[in-house]
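Peer 1: For reference, the chains in residue letters:
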Amino acid sequence: MKKNERELYFAQNIPLPETPKPAEGVRPWQTTTVVGKPLPRVDAYERVSGKAVYPSDIVFPDMLYAAILRCPHAHAVVKGVDAKAAEAMTGVRAVISATTPEADILWPYSPEMKTKLFASRCRFEGETVAAAAAETLYQAWDAVRSIRVTYDILPALSDERRALESGAAQVHNGGNKVKTDTYERGDVAKGFAEADAVLEQTYRNESELHTPMELHGCVAKWDGDSLTIWESTQGVFAVQARVAEVLRLPLSKVRVIGHYMGGGFGSKLQADKSTIIAALLAKKTARPVKMFLSREETFLAVGNRPPSTMRLKAGVKKDGMLTALEFSGTGSSGAYPAGGTSLLDWLVRDLYLCPNVRTETTDVYINAGPARPFRAPGHPQGAWALEQMLDSLAEAIKMDPVELRLKNVPAVSQARPNNPPYTTTGLQECLERGAQAFGWREARKQIAEQNRSGHVRRGVGVASGLWVAGGGNPPSTVIVKLFSDGSVNLNMGASDIGTGTKTVMAMVIAEELGVKPEMLQIEHADTGTTQYATPSGGSKTVPTESPTVRAAALSVKQQLLELAAEDLKTSPSDVALTGDEISSLSDTSKKIKITGVTGLKKRGVIVGIGYRGPNPEGKVVNPFAAQFCEVEVNTATGEVRIIRFLAVQDSGRVMDRLTFDNQTFGGVTMGIGFALTEGRVLDRNQTGKMVNRNWHDYKLPTMLDVPADMVSLPIDRPDPEANLAGAKGLGEPVTIPTAAAVANAVYHATGVRVTETPMSPMRLVQLFTQARK
Amino acid sequence: MKNENDADKQDRESREQETSGGLTRRGFLTTMGVGAVTLAVADKLYATPAAEAEMIERGKLTKVELSINGRKYRLLVEPRWSLLYVLREGLGLTGTKVGCERGECGACTVLINDVPRYACMTLAVEAEGSRITTLEGLMKGDALGPVQKAFAEKDAFQCGYCTPGQIMAVEGLLRRNPAPSDEDIRRGMSGNLCRCGTYKNIIHAAKRAAELKKA
Numbered sequence: 001m002k003k004n005e006r007e008l009y010f011a012q013n014i015p016l017p018e019t020p021k022p023a024e025g026v027r028p029w030q031t032t033t034v035v036g037k038p039l040p041r042v043d044a045y046e047r048v049s050g051k052a053v054y055p056s057d058i059v060f061p062d063m064l065y066a067a068i069l070r071c072p073h074a075h076a077v078v079k080g081v082d083a084k085a086a087e088a089m090t091g092v093r094a095v096i097s098a099t100t101p102e103a104d105i106l107w108p109y110s111p112e113m114k115t116k117l118f119a120s121r122c123r124f125e126g127e128t129v130a131a132a133a134a135e136t137l138y139q140a141w142d143a144v145r146s147i148r149v150t151y152d153i154l155p156a157l158s159d160e161r162r163a164l165e166s167g168a169a170q171v172h173n174g175g176n177k178v179k180t181d182t183y184e185r186g187d188v189a190k191g192f193a194e195a196d197a198v199l200e201q202t203y204r205n206e207s208e209l210h211t212p213m214e215l216h217g218c219v220a221k222w223d224g225d226s227l228t229i230w231e232s233t234q235g236v237f238a239v240q241a242r243v244a245e246v247l248r249l250p251l252s253k254v255r256v257i258g259h260y261m262g263g264g265f266g267s268k269l270q271a272d273k274s275t276i277i278a279a280l281l282a283k284k285t286a287r288p289v290k291m292f293l294s295r296e297e298t299f300l301a302v303g304n305r306p307p308s309t310m311r312l313k314a315g316v317k318k319d320g321m322l323t324a325l326e327f328s329g330t331g332s333s334g335a336y337p338a339g340g341t342s343l344l345d346w347l348v349r350d351l352y353l354c355p356n357v358r359t360e361t362t363d364v365y366i367n368a369g370p371a372r373p374f375r376a377p378g379h380p381q382g383a384w385a386l387e388q389m390l391d392s393l394a395e396a397i398k399m400d401p402v403e404l405r406l407k408n409v410p411a412v413s414q415a416r417p418n419n420p421p422y423t424t425t426g427l428q429e430c431l432e433r434g435a436q437a438f439g440w441r442e443a444r445k446q447i448a449e450q451n452r453s454g455h456v457r458r459g460v461g462v463a464s465g466l467w468v469a470g471g472g473n474p475p476s477t478v479i480v481k482l483f484s485d486g487s488v489n490l491n492m493g494a495s496d497i498g499t500g501t502k503t504v505m506a507m508v509i510a511e512e513l514g515v516k517p518e519m520l521q522i523e524h525a526d527t528g529t530t531q532y533a534t535p536s537g538g539s540k541t542v543p544t545e546s547p548t549v550r551a552a553a554l555s556v557k558q559q560l561l562e563l564a565a566e567d568l569k570t571s572p573s574d575v576a577l578t579g580d581e582i583s584s585l586s587d588t589s590k591k592i593k594i595t596g597v598t599g600l601k602k603r604g605v606i607v608g609i610g611y612r613g614p615n616p617e618g619k620v621v622n623p624f625a626a627q628f629c630e631v632e633v634n635t636a637t638g639e640v641r642i643i644r645f646l647a648v649q650d651s652g653r654v655m656d657r658l659t660f661d662n663q664t665f666g667g668v669t670m671g672i673g674f675a676l677t678e679g680r681v682l683d684r685n686q687t688g689k690m691v692n693r694n695w696h697d698y699k700l701p702t703m704l705d706v707p708a709d710m711v712s713l714p715i716d717r718p719d720p721e722a723n724l725a726g727a728k729g730l731g732e733p734v735t736i737p738t739a740a741a742v743a744n745a746v747y748h749a750t751g752v753r754v755t756e757t758p759m760s761p762m763r764l765v766q767l768f769t770q771a772r773k
Numbered sequence: 774m775k776n777e778n779d780a781d782k783q784d785r786e787s788r789e790q791e792t793s794g795g796l797t798r799r800g801f802l803t804t805m806g807v808g809a810v811t812l813a814v815a816d817k818l819y820a821t822p823a824a825e826a827e828m829i830e831r832g833k834l835t836k837v838e839l840s841i842n843g844r845k846y847r848l849l850v851e852p853r854w855s856l857l858y859v860l861r862e863g864l865g866l867t868g869t870k871v872g873c874e875r876g877e878c879g880a881c882t883v884l885i886n887d888v889p890r891y892a893c894m895t896l897a898v899e900a901e902g903s904r905i906t907t908l909e910g911l912m913k914g915d916a917l918g919p920v921q922k923a924f925a926e927k928d929a930f931q932c933g934y935c936t937p938g939q940i941m942a943v944e945g946l947l948r949r950n951p952a953p954s955d956e957d958i959r960r961g962m963s964g965n966l967c968r969c970g971t972y973k974n975i976i977h978a979a980k981r982a983a984e985l986k987k988a
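Chains as they are written, first to last, in the numbering used here: chain P, 1 to 773; chain E, 774 to 988.
Okay, chain E solo, but in the shape it has when bound (with noise of 0.2 angstroms):
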């Protein structure tokens, strides 16, 4: 893996600890609440800010690169916006589903630096310097990858709108963990909702993908 930050590096061994490569419920909440500790007393802080200090107002643009897809964009965000409303709403990449913008249901899910993240819950400027794939990103031309073909193959899907969170969730499993067993792809797909139902179709789409990729 190149290009990955010791923050990355850490973050990815806590995961593998956590999971054999995706994005569990569990292990995304223990994050969040780290997140969630830092949040507050960066309040704190804010509320009385020291003189070199800036502070943005709202409204105002700043300016992001953000490496999505192997492509290079420079862009004016206002630092509170998710990347999932800059790729779906500024980029027009709308591959990224958004299901509830609050990091509980995984429709939004694209790959930073391989791993499965939450696009809702990640801020736009906070993916500066990361290598972001989305669904989008797994096509060859016109091609689909092999999860996709694996999903199609398999019926992985009804409605589809939670499907690409659930190909960047196998997708990122799969790059960790290339041959998952089924326990495996349960835990790794768990922090994926599909209202629908199809879970058994995309374990088996899991399964399929694997063997595509070996191929």
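Only chain P is shown next, with the shape it has when bound in the complex (with noise of 0.2 angstroms):
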């Protein structure tokens, strides 16, 4: 594996262990009959039932339940936790502080930094100081509202734009910056030169939480020496890692469990501290302990997109050719290393031909809590500056904006060493194919010859993107079992966050063993009992694990032509499987039904097992993108609507359209979200608490904000050269260039660039009124 890939974020200091090289001679499908189709999920029952038991629903008959006292301060020092109280009230029957002798350990924010578990230095509104564990949730809430802490109240830095001036509270000793990056092909100053315009341009994003639907937390229990821990989380293995680091504790003994979550956009990657206090509260007092955070909490100290302040100069010739771009960039981690600006210029790199970039990105630290990735890290963030840009260009040079990112299609990797080319590149396809379905060129025309002496405005929009992975790599290991009925076990560790993981693997399955995706029994995310997988994230869930399956099932497969031709009398190579019958080639009058093997029922079941072979040398298999919308803008109150939105993705094979189209939506759901409503508030100027650390005051996009009229157009060009399944991924590039597609309709509707998220009314009223004095 390149090693670029192994330091990807949802693969980030966790040990990844290698699988062995795959079966030789498998080539990727030419026609399928179950993979592609529309198939509702195999796990639908479960979930529309309540059957299906998410983490959050486990219930013990001795347990117990956890809360977690936090810093109300941005930023300040324990002096002294008082819990005399807490302990002798009804009901509790533990509390753990920075006192307590076994919550004395070390907590690793990053390889380099760690701190105690609660740390005298609260760097951040959230961060632990105690927790305690009671007989009812309420109690336990009692218990920690009722513990007395003094604290030191330090002066704190809420924005980033300030964190390297002089004077600046310091969030660590030694300054606020974390990093900074550069990158530089070609020649910035040449291409400026050569520019027949060049625009220049500050866009900023404010921070965005993941906030997914069911609450960040577990249920610990210890059985002696081995913990079990049922955790909403989207890498179980990544958990088990964690934990097992942190507590000092063979893998053996630690046991992560999580068939059913509910949500996690990047944010449930990785072990939360809660995680770890909830094992040490188990232990402590000898019973299973239930510790899910509050709402309140999972906006303060369990991650979010950074924000990030964008400076962005673009030169481009009268004919469309981009001639340089110059990029700089400061987002924050929050107050510890966390990716504060990670991949936050890749577009700007890659995403159009270009010969002479330069990037810099500066990373620093804010009294915030910690950034973790969330859906495309860096990916929306860059495309709100480029693709605006690439629109404020096209006017400049009066070219229509898909011919401009149509002149600057690239073949290869630009950003990488050697320029490797990638697998296949649907970005021409998807703005050509987007461009005729959405009637681009008739709705610029007739919003051209609108009237525009009302308040409200009509403008269409687009904007394209690229997702720097989604090519799925190795590791993976699966176990497929064929039972002697006909019947298919899978065994896989890979989480299925609620992107279809699950039934696009039984569709693999039938695709391959001809059993019906409902004969099929799937084991999953499960550390005790199912085979390793990294996290699912970075959409590269279903490009590592499909293939990955359809080696095993290939395996088994093999395996039965191998004992069916022994009841032909032929050999296997003279045999092959259609729908549940092996038939002999030579003679098609020879056939027998699976169940009918006699190796089979003497056996009782098959076992195959698949590993994930490498992805191509020297290429890139990434997914591409373009949006377009039409939005309607009221000038008087600042109200955006959006009237219709096209998702044009190319995610390489279509594995199950249903899934697909559902994905698509999803995302651009969300990045209508990051456009319009969402971002968090600090009190910058006085305490640099969070003012709006709820969904009242935090607005997610709702069913009212979302377009009827939302249409998913799926390039479906599979790609041979990727993997086996010939599937790229489709989870996040699908939310990339959601919110620049909408500013930039919002431009094309009323003349005013909106450069900041999000674009609430009050923004844009005010952005109005200047611009009609």
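Take a look, some chain P residues computed to stay more than 12 angstroms from chain E by CB distance:
#1 104
#2 112
#3 183
#4 201
#5 224
#6 249
#7 429
#8 458
#9 528
#10 599
#11 632
#12 771
Cross-link-like lysine-lysine pairs, in silico, DSSO-like; alpha carbons within 27 angstroms at most:
#13 P:51 with E:980
#14 P:79 with P:116
#15 P:190 with P:407
#16 P:283 with P:116
#17 P:689 with P:79
#18 P:398 with P:313
#19 P:51 with E:986
#20 P:51 with E:845
Source of the hints: derived by calculation from the structure; they are not laboratory data. In this text the structure is predicted, and so the values were computed from the model without any measurement. From the three backbone atoms N, C-alpha and C, an ideal C-beta is built for every residue, glycine too.
Combine the two chains into a complex, taking the hints into account.
Peer 2: What follows is the structure, given as structure tokens:
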């Protein structure tokens, strides 16, 4: 595996085992009979009946409930914790804080930066100070609320733009800079000199919060020295590794189970401190402990998309060729190193043909919760800047924005050493087919002729994108078992975070073994019983696991054909499986049902193991996208109504059309939130505390905020070089261009360029008022 | 509608004016606003309790009889326990999900006398005397009810965690309005958040459910 792929965020800081080479000689599918069809989910019954047991649904008869006391200040030193009253309260079974000997352990915020689990210096509002376990959840909260803490409140820094100013509050001793990264190719000065138009603009995005519907947390239970954790997570093996490391336990003594989970979007790729706290409380009380955060805590302490300020200068020739891009971005990890500028400049570096590019990104500390990867880290932010800039450049040279993008479609990844080609790039097709399906030129023309005297204006916008990963990669091991009655068991470590992973894998098995998806049993996401898988993130679960599942199914099939050949008295190369029947190729009258195969009956089961093969050498597997929308802007109230939205995605082969479209709509919906309503508000000038720490003040899109006319148009071009399934990732690319497309449509409607998220009515009214002056 | 008391009826009628069936965010907040005022007044009164008023100690349990999915449960609860807490942690009816515990997301939506309500904002003691229907109550034995079937068919969920609340909200909407328009559905369902963003498919599922219910 290439080194840079190992370092991608979803596999950061966790040990990655290698998997053996897969069997050779397997070719990508030419035609499929199951894969690609719109199949409802194999676990739909469980999810809509309430039978699915999510980690937060676990109830043990002797279970205790835990709650965490968190620092109410953005920056403070804990001088003393008095928990006497809490310990004496009815129902309270344990209270732990910095002075509890068993809680005197280190928590790795990053490999280099570790603090005590209950730190004496709290660098963000929401840092853990103490915790309690009690018979009921209400008693647990009573207990933590009655703990008296003495704080020395320190000056706080909450605006990343001022982090490096002299006199700024210091988050850590030694300055507020986390790091600066630079990248350069060609000569930007020369590029700008060659340009016919050069534009420069500053863009900013406010921090966005993940807030998945299921709260972060777990149930922890000890059986002697063995710990079992039911956790709402995207990756059971990542949680296992971290818990074992922090509690100094052998991996074999930590079992993490996460069969169902209620959303993560990147915030549940890693173990959380609360898991360690639950384990400690469970140990201390010798009872199972349920520890789920409150909604407010999830706004403060379990990650965010970092805020960033981006300066972009771009040069273009009259014919539409980009000559130079110069980008500088500042973002914030929050209080600890957490990728505050991770991939922020990637689109500037790689999306469009451009010989001269220079970027610089600086990550700084502020007194706010540490960031976590959030659906396509860095990309929606980078698109917010780059895609609005492309729109402005198009206007400057009087070229259609789609046309300008089409002029600059690269066939190679310019940002990587030696410019490796993409296995497939659907960028051009996304733009061309999208423009046609959307009626782009007609819509632009119609709007140009609209009556501009009223206060309600229409506009259309386009934006495109790519996702830096999405090709999947090793390691992955999967086991498929075929039982003597023809039914199948799939054993896979990966989590289904709501994207339909289980369903897609069932389709792969159905494709190869002729078994009906409902005849399949799926075991997954359990470190005790399933094979190693990296966390479900990076849009890599389908391209990683589906080739692996296919390889396992093919191994089963090979063994089955060998056994059937014995029954049919012919050679294994002379038999083929069609549906549930094996027949001889040379004599089609010779056939046998799977259930009739003597060898299978005798053995009772055939076991196949699949390994994920490496990605193609010297090539890059990336998904691409172009999105189009039409908006209606009320220039008096600042309201933006999205009339229609078209998302054109190149994610290789469409595995399940139903889940593909669903995922696309979901990414667009999230992007609409990023564009219009979502943004963390910190009390910058005074306390540094978060002001909108709930869903009333921090608004997610509701059903009223998404257009009824939302269309998903997959390019559906299998990528045979990428992997055995021909699929590329989807979950992240679908949300990358969305906000920029909306901003471009708002500009088209009003002539006002909105450079900061969210485009709230308040911000827009201010901008419209300024524009009228 | 049987067993409906006057307060419920008034409540229902005010909701019918507000929406065509479901729980809108605005409608909910109006109700809550009134609740908050009442509470504030009550708080003052209790600061100097009348001689005969009973002060309940924290942790003290009180008897309550709840009618859930057609079955009566006699339970001991703390008066401050939410219906959500009692359903999930007390009775193991975990089809009802916990999302925010402050009336913002709708993951805990149940029907109280056929009207969608947030179980996190309803005290268990407050629900006494009402007919409570949870997701489990839509099943006929092992078989899915029509709204559940429609959600499965139309792929109207991703992670599935908000889904029970969405299903209950659609169920409530259809009980009030058997043939809702798209706009009725969008308004009626706007009190239920889905972070995965499956709203479009939920609209399809609601329409499909209306068909299945007719059949």
